[in-house]
Amino acid sequence: MQSFHGKSVYKGIAMGSILIWKKNNVQIKRLKIEDAEAEVSRVGVAVTESVRQLQALYDKALKEVGESSAAIFEVHQMLLEDEDYLDAVHNMIRAEHVNAEYAVAVTGDNFAGMFADMDDDYMRARAADVRDISDRLARNLAGRGETGFDFANPVIVVADDLSPSETVQMDKGKILGFVTVHGSTNSHTAILARMMNIPALVGVPVDLENLEDGTLAIVDGYQGQVVFEPSGEACRKAETRMEKEREQLWLLQTLKGKENITLDGHKINIYANIGNIGDVGYVLENDAGGIGLFRSEFLYLGRNDFPTEEEQFQAYRQVLLNMAGKKVIIRTLDIGADKQVEYFNFGKEDNPAMGYRAIRICLKQPDIFKTQLRALLRAAVFGNLSVMYPMITSVEEVRAVWGIVAEVHGELESLDIPHKVPEQGIMVETPAAVMVSDELARLVDFFSIGTNDLTQYTLAIDRQNERLDDFYNPHHPAILRMIQMVVVNAHAHGKWVGICGELGSDLELTERFVRMGVDELSVAPGMVLSLRKIVREMKVGK
Amino acid sequence: MKEFEHVVADSMGIHARPAGMLAKEAKKYGSKVFIRKDEKRVEATKLMAIMGLGVKCGQKVGVEVSGPDEDAAYAGMKKFFEENL
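Chains as they are written, first to last, in the numbering used here: chain C, 1 to 542; chain W, 1001 to 1085.
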């Protein structure tokens, strides 16, 4: 038995024999050719054939995984017909009298290198697309045609990396899971695996040379683990879990469209947490009632400068429109601590978790804050927006926030720009906020309890420190009493309370939270139906 | 020569797909169409070159059109940018 860990792309379990996928990396040799023009026309023929194959892949993907995932093959067709790319291939053949295969391989490397050097994650990932089309072209030049994926029985595909065209060519019914050594969770393979609901792990440090086709393996997308040659005991366990998973999935689907209501008629809202516009699809797919936490950090991370008001406005507006009237709670910038951004120039802190972060940055550097607020107030016109502020510790901070919101509101009024002041609440994630929650409740429209930070600050435990695992009790009575206290204080002032931290999706606590009077739970999209099930099967009692 | 400026509103910037559509659109005209970003200037019919500009949401690009069907190309490109980017 041998096990490896990687990043999970799709949560699920698969068991079966493995198929090691190796690219037919035929070494491309540099050959001297006499007739350059004949070589150039061979390229033309191969391009036509490649475009035809890509059209077939596009049609296949369109049927199986939908338009948005199929679009990549349309892009591949256009890349293949790119003038600069083909000019470079032709020029090399003519100037150096080399064979077409060699010219394509070198040109492909050069163009892929250009994308790999760009300062943008999305564009860097396009290097793989350029390699994919160059491989295809070289294959067609050599007369090898399409790569074959004929497996008799369903398998777990283990590969160094998979290109989008390799992934989509595989017969869905024959794939149990994917394990790749390289590839990111944002790669096309990952996206396709998610669409196809296939357990998949990327970034698994396994040595393909030491593996054999047909070896039994278990892919566990929940733990991000793959086990080769598992013991009989491990197989039985996996089988039980797979059986349960199938049953569970089927049962949960029947809960779509139903209310989150207890047997004795108590209703609660179940919303979803997301961190990207692209996640909105999962929110709707899992029938969440709204978005309980939309982390706005994605707009600030992975770039070289602050996002503009217009950029933010477009992003917020798009989410509101896509959610079509359902509630969307956007949390203002929560950066600092473990989320560092270079262009902010924060400098190093000895204790970043207790440092310059979140609302503290916004109050100290109001320009950054006001840009975001202007974008939010403008977007509020387009749907059911709520805004919440992170890391609040005092009444004074909330008053300061209200002052800045009022300024922004005044500016938009005087410029006659359409806008609306949305519902506004705060994150309760410091023990200080809990202790003064009676006073805070007067000022705000709602509370959302961030249990991750609240637990870390209350128990004085750094969650990144593995040595403290024995001391960490997420169900510590101190935390549960704090949550109860916040609920009582909020309700005394007619305000509602949600939980958006990890504890919200702890199924052992769902009944308890409902009984405490928590009004909303916000969890990962995939957890929504599991929570709904518990709520619908419980009673609040007296 | 005619030119206009456009601020890209698509949240992904000029990513692969709209870049491909842009190249297709530019090929319809006899005029030369160039896209400018900062000091870089590329021909709009060249997909990889456009992608190489790495234009992100909120950034400004300049579009230059010159040639025999300048007016039609100008109108067509302007409409394309407004509708797709």
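FYI, nobody ran anything at the bench for these hints, they're computed from the structure. Cβ coordinates follow ideal geometry from the N, Cα and C atoms, glycine included. Please note: incorrect hints may appear among the correct ones.
[Stated by the list, open to error] Cut-off 35 Å, straight-line C-alpha distance, at most; resulting in silico cross-link-like pairs (DSBU-like, lysine-lysine):
{"no.": "1", "chain 1": "W", "residue 1": "K1032", "chain 2": "W", "residue 2": "K1079"}
{"no.": "2", "chain 1": "W", "residue 1": "K1046", "chain 2": "C", "residue 2": "K22"}
{"no.": "3", "chain 1": "W", "residue 1": "K1079", "chain 2": "W", "residue 2": "K1027"}
{"no.": "4", "chain 1": "W", "residue 1": "K1040", "chain 2": "C", "residue 2": "K60"}
{"no.": "5", "chain 1": "W", "residue 1": "K1024", "chain 2": "C", "residue 2": "K326"}
[As the list claims (entries may be wrong)] Derived DEER-like restraints, expressed as beta-carbon distance ranges:
{"no.": "6", "chain 1": "W", "residue 1": "K1079", "chain 2": "C", "residue 2": "A353", "range": "30 to 38 Å"}
{"no.": "7", "chain 1": "W", "residue 1": "M1012", "chain 2": "C", "residue 2": "V45", "range": "53 to 61 Å"}
{"no.": "8", "chain 1": "C", "residue 1": "L284", "chain 2": "W", "residue 2": "D1069", "range": "20 to 28 Å"}
{"no.": "9", "chain 1": "C", "residue 1": "R481", "chain 2": "W", "residue 2": "V1007", "range": "49 to 57 Å"}
{"no.": "10", "chain 1": "C", "residue 1": "N110", "chain 2": "W", "residue 2": "E1039", "range": "53 to 61 Å"}
{"no.": "11", "chain 1": "W", "residue 1": "E1005", "chain 2": "C", "residue 2": "E423", "range": "54 to 62 Å"}
{"no.": "12", "chain 1": "W", "residue 1": "M1012", "chain 2": "C", "residue 2": "K539", "range": "45 to 53 Å"}
{"no.": "13", "chain 1": "W", "residue 1": "M1012", "chain 2": "C", "residue 2": "D160", "range": "37 to 45 Å"}
{"no.": "14", "chain 1": "W", "residue 1": "E1003", "chain 2": "C", "residue 2": "G494", "range": "36 to 44 Å"}
{"no.": "15", "chain 1": "W", "residue 1": "M1012", "chain 2": "C", "residue 2": "N473", "range": "55 to 63 Å"}
{"no.": "16", "chain 1": "C", "residue 1": "D59", "chain 2": "W", "residue 2": "D1069", "range": "45 to 53 Å"}
{"no.": "17", "chain 1": "W", "residue 1": "M1012", "chain 2": "C", "residue 2": "A353", "range": "28 to 36 Å"}
Hint-by-hint comparison with the structure:
1. K1032(W) / K1079(W): Between K1032(W) and K1079(W) the Cα gap is close to 17 Å, so the pair holds against 35 Å.
2. K1046(W) / K22(C): Given pair K1046(W), K22(C) holds - Cα atoms ~33 Å apart, limit 35 Å.
3. K1079(W) / K1027(W): Satisfied, since the Cα-Cα distance of roughly 15 Å is no more than 35 Å.
4. K1040(W) / K60(C): Not OK: K1040(W) and K60(C) at ~38 Å, beyond 35 Å, violated.
5. K1024(W) / K326(C): Roughly 38 Å between the alpha carbons, so the hint for K1024(W) and K326(C) is violated.
6. K1079(W) / A353(C): 30 to 38 Å: About 51 Å separates the Cβ atoms of K1079(W) and A353(C), which means 30 to 38 Å is violated.
7. M1012(W) / V45(C): 53 to 61 Å: Given range 53 to 61 Å: violated, Cβ gap about 35 Å.
8. L284(C) / D1069(W): 20 to 28 Å: Violated: the Cβ-Cβ distance is about 45 Å, outside 20 to 28 Å.
9. R481(C) / V1007(W): 49 to 57 Å: Since R481(C) and V1007(W) have Cβ atoms about 52 Å apart, the given range 49 to 57 Å holds.
10. N110(C) / E1039(W): 53 to 61 Å: With a Cβ separation near 22 Å, N110(C) and E1039(W) fall outside 53 to 61 Å, so the hint is violated.
11. E1005(W) / E423(C): 54 to 62 Å: 38 Å, violated
12. M1012(W) / K539(C): 45 to 53 Å: Since the Cβ atoms of M1012(W) and K539(C) sit about 48 Å apart, the hinted range of 45 to 53 Å holds.
13. M1012(W) / D160(C): 37 to 45 Å: The hinted range 37 to 45 Å is violated for M1012(W) and D160(C), with Cβ atoms some 28 Å apart.
14. E1003(W) / G494(C): 36 to 44 Å: 58 Å, violated
15. M1012(W) / N473(C): 55 to 63 Å: 43 Å, violated
16. D59(C) / D1069(W): 45 to 53 Å: With a Cβ separation near 34 Å, D59(C) and D1069(W) fall outside 45 to 53 Å, so the hint is violated.
17. M1012(W) / A353(C): 28 to 36 Å: 33 Å, holds
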